[in-house]
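Q: The residues making up each chain are set out below.
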Amino acid sequence: MEIELSIHHDGRNWVATDGDISIAAVTLDKLDRMVENELKSRGRLKSGIQTRVRMSFDIYTIPQWIRQYSQHYFNRVVVFEG
Amino acid sequence: MTTQDRKWYSGMLLQEDWWAVWLGVGFFLLGLLSIAGVDVLGWITYPRKWVFSLPAGATAKKIVTWQHAFYPLGGKYSLTAKGFYKSLGPIGGILLTYVVFTITTSIGAYFMRWDLKKYIAGWSIIFFLTYLTWFVGHHAFFSASVIDLRKSHFPPMFTMSLGGGASFILALIVGLSIGNFFKPLAKFLSTAAKPEWFIKTAIVFLGVKVGYLPIKAAATSQKLGHAVAGLTFDLFVAGAAATIVAYMVFWPGVYLIARKLFKLPRATAAVLGSGISICGVSAAVATGGAVRAKPVVSIMVSSLVVVWAVIELLVLPSFFTHVWPGTADPLVAGSAMGMSVKTDGADAAAGELLDEFMRTKVETETNGQVVWPAGVITTSAVMTKVWIDMFIGLWAFILAMVWVYKIDKRQGERVPFSEVWHRFPKFVIGYFLAWFIYLGIFFGPGHAGAADGMALLKSAKVGAVHVEKGMRKLFFMLTFMSLGIITDFTKLKQAQFGKMVWVYFVSLFFFIIPVAMLVAYLFHHGMVIPTLATAG
Amino acid sequence: MGSEEKQNMAQSGSLTSDALEVDDVLANTEEWSPVETKLVVWSFAIAIIALIVGLIVVPTSVLH
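Chains as they are written, first to last, in numbering that gives the first Met the number 0: chain A, 0 to 81; chain U, 0 to 535; chain R, 0 to 63.
Where hints are given, some of them may not hold.
[To be verified] Computed cross-link-like contacts, SDA-like style, restricted to lysine to any residue with a CA-CA straight-line distance of at most 20 Å:
#, chain 1, residue 1, chain 2, residue 2
1, U, K259, R, K37
2, U, K81, U, G91
3, U, K259, R, E30
4, U, K498, R, E30
5, U, K405, A, N74
6, A, K29, U, D407
7, U, K6, A, M0
8, U, K6, A, D17
9, U, K408, A, R53
10, U, K262, R, T36
11, U, K408, A, V25
12, U, K75, U, L87
13, U, K405, R, K37
[Unchecked claim] Derived list of chain R stretches under chain U, where covered just means 3 residues or more per stretch with a C-beta under 8 Å from a C-beta of chain U:
#, region
14, 27 to 35
15, 48 to 55
What the hints contain is simulated information worked out from the structure, not anything from laboratory work. Just so you know, even glycine gets a beta-carbon here, dropped at the ideal spot from N, CA and C.
Working from the sequences, and respecting the hints, build out all of it.
A: So this is what it looks like as C-alpha cells:
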C-alpha cells in the first residue's frame, strides 16, 4: 500500500500534507512518528500490512531564482509496519 | 498542476531545465530543415566589428562601418533565401529576432507560471540592452586584432584585441552595474534575468556546434574534418575521467576543510563540499536534499556560490590565457575552467571568454599562421561541466544512502532510485541529441566530408550556423547580462554567512583551482586543436 | 499550500535566506564520527582508482 504526501519546510518545521492531514515537526524523525500516529488514528494504516509513505518535496519552498539551477530537492519514502 | 516530482515526466512544462530542451531542440530541428532547402532561421541577427568611418585605403572586409554593424545571418549563409534575409537589414533583423524569442520564451514563462507582464517587460529591456552592448563591444577599438586590421587594410593602430570577448565583458559589467548600483531595477528585471535558463538553452545550441565542427573543418579538408571529430570525442572521454577524479578529490577535501578547519556542522559541510567543488547551486541543492538538510542551508550556500562564480569568471579567463597554461595548452585551460568555475552559466561564459581570448592571442602570436576554429575551447569547458552535472545526481544518490542508512538513521526511511532521474540535468539530452545528429549527418549522408557528401554538408551548414553561431552567441550574451543583474557583491559582507565566506575563499583558491588545473593537465595535455589556416 | 499561494510561490519561493532562522546552519557542530572518516577515505580511494584507470584508458592523458 502506498500513501502520497507532499513535504516542505516553513523555515522552522518540516510540514507533511496531503490536503486531508497536515503535520509539522522540527525534525524529520519526529515528523515520521507523528505521521505514523496520525495515519494510524485515521485508520489509514492496516495492521499486518506494510505501508509506504512517499513524501515528495514541494519545490516552491525554494526561491525562484534558485529553481533555475536545480529543480529537485528530495523525495523520500518511509515504510510503516501496520 | 503539481509542484513535486512524483512521476518521471513531472516538471516537463514547469521547469527551466526542460524548457531549455524545448527551446534548444525546437530551433535545432528548425535548423535541420536547411538540408531540405528550407531556411527558416536566417533572421537571427549577428554583429560585425565596426568603426564610425573607414580610414583612407581601408576596405570593409573584417571591419565595417557602423550602419552595417549587424546583419541577419541568412543574408550571408542562406542558400535559398539570401535576398530575403538581406532585405531585412540590421533593424528588421533585430526586431524579428526580438519577436521570435519574445514569443518562444514567453510561452515557457507562461507554463512556468511566471508573472508574464513582468517577464515580457524585463525580457524586452534585457534583450535591447544586450544588443546595444553587443554593438558597443564590437567597436574595432575593443574587438579588432592586428590580423583583422591588416585584412581590412587598416593602418596600424592600437586596439584592445579582445575579439568577441569585449562584448561579453561589457555585458557583464552592465549587468553588474545594474545588480549592484540600481537595485530596484535589478529587482524589476529579476523575473526575466535567468542566466541558468539562457545558458542551458545555449548549451543545447552548443551541441549543434560540437556536431557541426567537423562539417566546418571538412570544408578545409576531409582530413581536418576527421581530426576535429576525433578531438570532440577525446574531449568527451577525457572530460568524463577528469570529472570523476576531480570531484572525488574536491568533495572530501572541502568537507574536511569545512569540518576540521572551520568546525561547521555535517550537513552544512556536505552542502558546501558540493557547492564549492564543481557544480555550484545545482549541487548545493542536490546535496542539501540528499543529506536532508533544511533548505536554508542550500539557499545560503547558493547565495554565496553565485557571487564567487562571477569573481572566478572575471579572473580566470585572463589568468589562463596570460599566465598559465596560455596558448600552449588551451584545452587544459578549458577543462580546468569547467572543473573550477561554479554554475553552468558562469562556466560556459568563462569558457567562451577564454575561447575568444585564446584564439585572438594565438592568431596574433603566430601572425595569422594558426587559426583555431571557434568554440572548441568553449566545448572543453562545457564538456567537463556537463559530465559533472550528470555525475552530481549519482553522487547525491550515494550521499543520500550514506546519510539515511549510516549517519542520520531514521526508522523505516528508504531512498528511492528515481532520485537519480529527478536530479538528472535534462538539458544535456538536448545537447547530446543535437551533437550526435549532426555527427550522424557528417559520417552518414555527408560521407565524412568526401566530395560526394559535400553538397549535403553545405546545406546542413546553413541551419547549423544560424543556431550554433547566431542563437548560441545571443544566448551567451543574455547569460552574461543576466548573471551580472542577479549578482549582488554586498552578499559577501552579510554577517549571516560568517565563516562560510572564508571556507569558500580558502577552498576555492588554495585547493579547487590548483587541483582542477593539475587534473585537467593530466588528462588533456595530449590534445591539440587543429588549425584551419595551415591545413589542407 | 493553496493554489493561489502557489502562484505567489512560483514567483518568489516560500523561503528566503533573509527570513530564516540561520543559527543552526553554522552552529551545533556534531563530533566527528568514524562514518565520516570512512566516507572521506572512500572518496579519495575512488579518486585514486579513477585516476589510475583514467590515465591508462584516456588516449590523451600524460601517460600516452
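Q: Are the hints correct? Go through all of them and say.
A: Going down the list of hints, with the structure as the test:
no., hint, result
1, K259/U <-> K37/R, "holds, 15 Å"
2, K81/U <-> G91/U, "holds, 15 Å"
3, K259/U <-> E30/R, "holds, 10 Å"
4, K498/U <-> E30/R, "holds, 19 Å"
5, K405/U <-> N74/A, "holds, 18 Å"
6, K29/A <-> D407/U, "holds, 13 Å"
7, K6/U <-> M0/A, "holds, 17 Å"
8, K6/U <-> D17/A, "holds, 17 Å"
9, K408/U <-> R53/A, "holds, 17 Å"
10, K262/U <-> T36/R, "holds, 15 Å"
11, K408/U <-> V25/A, "holds, 16 Å"
12, K75/U <-> L87/U, "holds, 12 Å"
13, K405/U <-> K37/R, "holds, 11 Å"
14, 27 to 35, "holds (count 7)"
15, 48 to 55, "holds (count 5)"
No hint from the list above goes unmet by this structure.
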